[in-house]
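Trainee: Going by this note's numbering, the first residue of the sequence shown is number 598, and it counts up by one from there.
I should point out that these hints are in silico values taken from the structure, not numbers from a laboratory. Please read all numbers here as calculations on a predicted model, not as lab measurements. Check before you lean on any hint, since a few could be wrong.
[Stated by the list, open to error] Computed cross-link-like contacts, PhoX-like style, restricted to lysine-lysine with a CA-CA straight-line distance of at most 25 Å: (1) K701 x K678; (2) K621 x K599; (3) K621 x K600; (4) K706 x K678; (5) K708 x K697.
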Amino acid sequence: MKKILLIAVLAVSLGSCYNDKYDKLYPAPVVTVDPCDTATNAATYSGNVSGIISLNCATAGCHDANEMAGGYNLSTYAGVKEIADNGRLLITTNSGSMPKSLPKLSDCKIKQLTYWVNHGAQNN
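Based on the sequences and whatever the hints tell you, model everything.
Mentor: Here it is in structure tokens:
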């Protein structure tokens, strides 16, 4: 009887030494954020739009402050807002006619521009 009791106490003692860490057993899922998901990453002028415009439109020989091709200076918010409001920004980027001499903007960039225009083309 003493042996059985000793074995039982020893088994309980050893079993109680087991230590689980909840976060190691059940790690949090890895969440990747799609930069083109405008539902979670709202496009803003300072965060997305100005970079897209300055790299693809407001470049030397195109719509910069010096050249102003077509009469548009897209190196400022006011210039970008003007073409956003009159519809030319989305028409030319969606059709692929702009930027000239460069590949059509990616679907991601067009989606960000569209989101920004459709939400008031704010200077944010």
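Trainee: Hint compliance check: list the failing hint numbers for this structure, sorted ascending.
Mentor: 2 and 3
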